[in-house]
Amino acid sequence: MKFTSHLFIFVTIFSGFWLDSLIAEFNIRSYILALESFPYLVETSLGFLILCYWIYAIPEKIQSSAAFFYGLLIDLCFGSAIGFNMLFFSGISYVIHVYVFRFRIFSYLQLIIFFAGSSTFYVACKYLIFSPENYSYLLLLCSFLINALLWLPIYFCMRSLRRSFL
Amino acid sequence: MARTTPIHTPALKYILACLVSTALLFSDVSYQAFSPLRDSVQAIGIYSQLFFETITSRLLEYSSAYEDQRTLTRLNNQLRDELQEIDDKLFLEEQSHLITNDIINLQDRLQILGDPGEGKVLKIASFSLQDYLCCSQHILHLQNPLQFPILIHQPVAVDETFIGQTSKTYLNLIEITLFSDTSHVLPVKIDGLHCNARGAGKPRLVRCIVAGEFKMSDIQEASLVMTSGLGGVFPKGVIIGKVLSISAISINEFRVDIALDGNPLDHNYFGILSGS
Numbered sequence: 001m002k003f004t005s006h007l008f009i010f011v012t013i014f015s016g017f018w019l020d021s022l023i024a025e026f027n028i029r030s031y032i033l034a035l036e037s038f039p040y041l042v043e044t045s046l047g048f049l050i051l052c053y054w055i056y057a058i059p060e061k062i063q064s065s066a067a068f069f070y071g072l073l074i075d076l077c078f079g080s081a082i083g084f085n086m087l088f089f090s091g092i093s094y095v096i097h098v099y100v101f102r103f104r105i106f107s108y109l110q111l112i113i114f115f116a117g118s119s120t121f122y123v124a125c126k127y128l129i130f131s132p133e134n135y136s137y138l139l140l141l142c143s144f145l146i147n148a149l150l151w152l153p154i155y156f157c158m159r160s161l162r163r164s165f166l
Numbered sequence: 001m002a003r004t005t006p007i008h009t010p011a012l013k014y015i016l017a018c019l020v021s022t023a024l025l026f027s028d029v030s031y032q033a034f035s036p037l038r039d040s041v042q043a044i045g046i047y048s049q050l051f052f053e054t055i056t057s058r059l060l061e062y063s064s065a066y067e068d069q070r071t072l073t074r075l076n077n078q079l080r081d082e083l084q085e086i087d088d089k090l091f092l093e094e095q096s097h098l099i100t101n102d103i104i105n106l107q108d109r110l111q112i113l114g115d116p117g118e119g120k121v122l123k124i125a126s127f128s129l130q131d132y133l134c135c136s137q138h139i140l141h142l143q144n145p146l147q148f149p150i151l152i153h154q155p156v157a158v159d160e161t162f163i164g165q166t167s168k169t170y171l172n173l174i175e176i177t178l179f180s181d182t183s184h185v186l187p188v189k190i191d192g193l194h195c196n197a198r199g200a201g202k203p204r205l206v207r208c209i210v211a212g213e214f215k216m217s218d219i220q221e222a223s224l225v226m227t228s229g230l231g232g233v234f235p236k237g238v239i240i241g242k243v244l245s246i247s248a249i250s251i252n253e254f255r256v257d258i259a260l261d262g263n264p265l266d267h268n269y270f271g272i273l274s275g276s
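The listed protein sequences derive, respectively, from chains A and B.
Residue 1 is where the first sequence starts when you use the working numbering, and the numbers rise one by one after that.
Residue 1 is where the second sequence starts when you use the working numbering, and the numbers rise one by one after that.
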């Protein structure tokens, strides 16, 4: 694959993580007083879902090395511990590569469940490693629902971009 | 969708990648091994953000300064236009005042020149400057928009002297034949000498041909030339110019060149005596 294609894919993943950070910074509880006592439950994984889409859509082009370097760059750019995104990007890349034929015959609902579950696992590991005191199953449940809702828009949006530019 | 889907995924690379990632993660989480690198990258990011913010703020400052300058320029132009308008109004008022004064003065002078009070002050319509400067025909047209009943052969005055007489009236125009027109003859009196001054075809110049008992020595240069009133058109005793030069034509004849006082080029309004 050309360097520009890799750059394009990385830009979409980077944009996803950037949106994640924006959403995380936007604390709705400071705007609505009624929600002030509620715990923070909004945890999106747009960047991770976008990476999943690209591996799912073009597995022959995104191999382990590509996922590894995407993870390294994301770790560097967003200030997370070096290795975290590398590990999960490589892991999810392997899983998707192994089950890519099965995913092709999956329905949208099954895809939603799988990728929402993957992203929830990603979120859970992130909280367990970096912020275990804020870890909660309610957060994971909300994250699962949010990521499930996000998968189809990401899927169609990225497919449109892939057909236009790659 | 992918055209060629991998049918075999070698696990070794992924295992290796995962091991390296795990090792890196462990070393970073436990020992902060990559903290300087991460901090450097974050510092670069923050620096870039600050840099772009500075550039953006400066651009906005320049833009606002440019906008202020544009506003000031627009205001300046507006004020300049207003000032110009005020100047124009003042000028027009001044000119209007001057014209009114001219007309009043001219009417007063018409009365001095013998007008019984029916004299009209009319504005110039056209003047053939080319003919006036070169040729024999010296004609001036005045406007008569209100169609005053102006007779022909009426004296036309400017300042305190005459410059010609009405020769035709048609439509709203009045034709004035100037003294300097070669077809015009004006009876004048110079130091007791009566002669008929004919237009010379040159601006402000008429000539008398004198013959008989008068001698050239009887007339002095710069002597005043007055109307004699013998033509029945102009009242007598009005100064119209001065003797410019005297020159002999033959033994018994000499020519007197008279420079006229009235200059039609200096005026826009002309008075026409009536009833004289």
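In short, the hints are calculated from the structure, not lab data.
The beta carbon of each residue, even a glycine, is placed where N, CA and C say it ideally should be.
Worth double-checking, as some hints may not be accurate.
Derived, one-sided and incomplete: chain B residues facing chain A with beta-carbon distance under 10 angstroms [as the list claims (entries may be wrong)]:
(1) T22
(2) G45
(3) Y47
(4) L83
The calculated lysine-lysine pairs, modelled on DSSO-like cross-linking and capped at a C-alpha distance of 30 angstroms, are [to be verified]:
(5) A:K61 - B:K13
(6) B:K168 - B:K215
(7) B:K123 - B:K202
(8) A:K126 - B:K202
(9) B:K189 - B:K168
(10) B:K242 - B:K123
(11) B:K202 - B:K189
(12) A:K2 - B:K89
Derived, one-sided and incomplete: chain A residues facing chain B with beta-carbon distance under 10 angstroms [claimed, not checked]:
(13) F26
(14) F68
(15) S80
(16) Y127
Outcome of the hint check:
no., hint, verdict
1, T22, "holds, 6 angstroms"
2, G45, "holds, 7 angstroms"
3, Y47, "violated, 14 angstroms"
4, L83, "violated, 55 angstroms"
5, A:K61 - B:K13, "holds, 15 angstroms"
6, B:K168 - B:K215, "violated, 38 angstroms"
7, B:K123 - B:K202, "holds, 23 angstroms"
8, A:K126 - B:K202, "violated, 112 angstroms"
9, B:K189 - B:K168, "holds, 27 angstroms"
10, B:K242 - B:K123, "holds, 27 angstroms"
11, B:K202 - B:K189, "holds, 21 angstroms"
12, A:K2 - B:K89, "violated, 75 angstroms"
13, F26, "violated, 18 angstroms"
14, F68, "holds, 5 angstroms"
15, S80, "holds, 8 angstroms"
16, Y127, "violated, 14 angstroms"
Comparing the model with each earlier hint shows violations of hints 3, 4, 6, 8, 12, 13 and 16; every other hint is respected.
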